[in-house]
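Take each chain as given, in its own frame, and dock them per the hints.
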Amino acid sequence: MAILINRNTRLITIGITGKQGTFHTLQSRDYGTNVVGGVTPGKGGTVHEGIPVFNTTYEAVQETQANAAMIFVPPPAAADSIIECIDAELPLIICITEGIPVGDMIKVKAALRGSKSRLIGPNCPGVITPGECKIGIMPGHIHMPGNVGVISRSGTLTYEAVYQLTQREIGQSTCVGIGGDPVNGTNFIDCLEMFQNDPDTKAVIMIGEIGGTAETEAARWIKANMTKPVVSFIAGAAAPKGKRMGHAGAIISGEDDSAESKFKVLQECGITIARSPAELGQKVAEVLKK
Amino acid sequence: MNVHEYQAKDLMRQFNIAVLKGGVANTPAQAVEVAKQLGGSIWVVKAQIHAGGRGKGGGVKLARTLEEVEKHAKDILGMQLVTHQTGPEGKKVLKVLVEQGCDIDHEYYCGIVLDRTVGKVAMMVSTEGGMEIEKVAHDSPEKIIKCHIDPATGLTPAHGRKLGYALGLKGEPLKKAMAFFDGLYRLYVEKDCSIAEINPLVTTKQGEVIALDGKLNFDDNALFRHPEIEVMRDVTEESAQELEAGKYGLSYISLDGNIGCLVNGAGLAMATLDILKLHGGTPANFLDVGGGATKETVQKAFAIILQDQSVKAILVNIFGGIMKCDIIANGVVDAAKELGVKVPLVVRLEGTNVALGKKILAESGLKITPANDLADAAKKAVEAAKGGK
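Residue numbers (this note's numbering), protein chains in the order written: chain A, -6 to 283; chain B, 352 to 740.
Only chain B is shown next, with the shape it has when bound in the complex (with noise of 0.2 Å):
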């Protein structure tokens, strides 16, 4: 689960993470009230989404009056932001944060990751702040310095002053910076997140050590521990269809492409979505109905895929284990008839029960093409979406 900057920044100063004062507006005037109560003569508007390089898009503005405030905001606020990570259709402003300004000596980059080769957490810091990190380590990957941080441990003095002179720096923001990597650190393991990320991170012209910019993204696995966490969620920010089969215990991810795909086991679906690519043909989405799918959850999943204008046509790949092939059957048939599937259904059984499901599927009358097996059904899905055309 992701979270906006000033929610993630609500969280930092609960860790003791200097991070400039703010706070949220919806609308110009409120921006305007906001910087006011702010004081000061310099001030920052920053659109609030859920996406990285908005300073690019247009999103973040300097403004050196109310009025400028109040102008930044107006144009910021509705607007439709891209940037590298929002994809070509942008995303819509529907809150600004507006800071404070501040004397700003050096920016640096830190970050806390899941290293999975070791199993282990790893701080990463690094003295090309303000950049794509990404790019930084692709090109020069010596400028990253890392620890992995053994959970019985957690982050020591050592780590800290490893991090800390690698970003050159010494005396108290040196002393300030290792706070800071403690504080991320505690925040990162207390609040189950899976990615911290501070960039840039900030020295100031008079000794502080300022998260500038801060991106939390959260273990969904671990949201039933936290409450706090699981209220700023802000579902505008997700896919409406996402969050409608997650209700369902589905996993459904919407492509851009017309054959809409209908497995069990997420292996197995991104498989499928490989094998209809090979055959030529576009995959409109990835679902995964689970192990323990029902005929309501099957019925769930068509009127989902349907949604999308773009199928053409529907393959359903089962492979039945725990989940039993007849009650997928019954599904498609029941979902069939319900809500009137008007494109090409191509259905693949295999495992458990799977005559009494194939038996269901041709007894039903309905104009369903069995497949025999994998590339037989990514065939035959791939031929009936562009029949449909």
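Bound conformation, chain A alone (with noise of 0.2 Å):
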């Protein structure tokens, strides 16, 4: 079953035509994702490698029945095709752009409250349900079905994560990065929950970052409400205060989000930490075992 997307998804790429786009996009329908549609203003009517492509989000949604969206559009008009894909109703909406203005966010934020989407994203590799659907930009090969869910703020962190896993022939349920934004759509708490009502999941590995309060609440959150064991990475033990390492979110400012508070709060909940994230793997199947 997993959460998000499965077969039954039907995707469609907003910014199709481009480099990334294109590339991104045909990856996914290779590795068996029901690619239905895309959008380009200006190149509605002709069809892209086999793809109709749309005008509007709207005109492709009514077109093609497409139940969830990738968005490849540059950063200063990414936020607008999201504001796009909310009033086209679209349920999942996912946006791969890193670099959207902070003050964008918050109007898309705010448009989000209320209306029938959910976002994940933006600056993230994506969503996979091995084995089913892949949308986003991570290798498909490195994941295997299977019963643990994945959760995480980072890119090329949660593919580590992933092939530990894999090579232990533990299988995943489905994989969501939310992104390394500071505004984002979806956090831990909305997908942990997903992930403790969804029966193909056994146990969950969350990763996280220095900068907000996200994995803490997540922890307390975890403590209160779930059953099934969670594994979790903090990375940023070693950034100096102050300092913006990359992700626009991981900024060390506080005692309050720095690794050792997060490690001490997940901990203090009952949640299985990794203090180096090559023991991701191992703690897994340790947490499985049990």
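Heads up, a few of these hints could be off.
[Claimed, not checked] Which bits of chain B does chain A cover? Going by a derived footprint, with three or more residues having C-beta under 8 Å, they are:
id	stretch
1	699 to 706
2	720 to 726
[As the list claims (entries may be wrong)] Here are the in silico distance ranges between beta carbons for each label pair:
id	chain 1	residue 1	chain 2	residue 2	range
3	A	Phe16	B	Ala503	33 to 39 Å
4	B	Pro508	A	Lys109	29 to 35 Å
5	B	Glu689	A	Lys109	51 to 57 Å
[Unchecked claim] Pairs of lysine-lysine, DSS-like flavour, derived with a Cα cap of 25 Å:
id	chain 1	residue 1	chain 2	residue 2
6	A	Lys102	B	Lys542
7	B	Lys566	B	Lys372
8	A	Lys100	B	Lys497
9	B	Lys513	B	Lys556
No lab work stands behind these hints: they were computed from the structure. As the structure is a prediction and not an experimental result, all values here were calculated from the model. Just so it is clear, CB atoms sit at the ideal spot from N, CA and C, and this is done for glycine as well.
So, in structure tokens, the structure goes:
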């Protein structure tokens, strides 16, 4: 069953005719994702790599009954594309774009409240349900179908965790990259709740990082609501104070959002922590044996 | 991106925020000239660097005569100013702001930041002006009053009243404070700030409400629509290596260890620093080559890492997703040959085209230590750095 996406997902790509949009749409289709259309204003009515292109998201949804969108629009116009997807009442919007102004995302966040849409990202690798559907830029071949849910703020670090699982022949139910930006559509708790309710998920890996309080809030939620085991790693223990480490979200400003204090809260809430990112696969194997 | 106080105040004037009259000077003679033009009998000479806590470090001085203005400017210009935000090496002062004095009645704090937990901007005020606000937040959080502002309504008079009354203001000063809050919020939103901080905001004996200091940071991702902010960039305040890296789409931060790191992805790059520390090593830098790195960017990344003389070993950790391992391997080999890399090189490759990438490294004839996984890579890099001492 997995969460968010599966065999029945019907995907459109926003910004499908761009270089990145084309490449990753084809990669997703090759993986088995049902790509039903794409949107590029001004190119409506054409066919790109065998995929019908529309001028607007509204039109694409009307014509293809798409239920998910993947956004590859450059940062200055990406927020507008998300709003277009909200207007088209798409249930799932996955925005890969990195570098959207925070001010734009504050408005998007307001537009999402009370809407019919869920946004994943921006600045994320996307979502994959191994063996069924891939929406995003992650390498499909490192995944395998199974019962571990993965949630992360990072891209390549998620691949690292997934790879460690697959090497141990531990498969994944769904892997969700929620993105590295300070304002995003879906947080850890949203995903944890979905995994808790998903019969196919037996354990969850949560990969966080310094900055913000999303991980500590998630930890308290897990303690109060979750019966499935959670393994967690927080990146950035070695980061100096006040430095932004690539992700806009990863700036360590006060004592509360350091890796150390996050590890502490996670542990207090009964979560299995991996001090080293190389231990994630092993720790999951341990909790699954219990 | 950061700007200087005098630049922040120029922007504040555009949003009808009251600031003191002043002018910027690069020499003591210019400072005297500015003071003469301002008139009056009291001036403040303020060091212009991108860091707070300047007063405590001796970078802000009061002058009662033009001779004192000259003397203070002479002392401050060229000094290596150390504050709690500059690090122990301090920052060299190249400019001073000379301002009129004023009769302070009370000092307050006002700041705007993003509250990530709700995805909204929050405006905060405190009666504890002039203090380090982090300390106030820690010791007496009840003294900080907050408003979350919905982007649909913007800051309304209701927010202004809540904050103004919380500061104990009434009458004309209350009205002026409300106008100030409104101006600062509009500035924050219209110019895509990431931090706006006025510490202190003061009331004067004459009932004025004045921003005595001003710190503005801007969202780098929004600078494309603010050329007027981009021109304020002071490159002397930024690390030359970090600027150079940025030109090639690399994200580089210099650290104080001896193991150079070249990684793809910010999260994996942070995790690589962490695992080096866990194995007893110290990273010399954070470097994320990004998702779309080419042979050229990998070479550039090596060049930047090697500029740091303390680097005793280099760890390359690549998880190829979009990025193919063979491309990285070619970049590593070419860079090592062209730059004549003398330090030990530990390379861990995984992901797309990994077999091809490993073959390229093995056949290069270079002394490269291959690593099997993350822990193995960290262990080998730490050993290599120790051996290189």
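- Item | Structure-inconsistent hints, enumerated in ascending order | none
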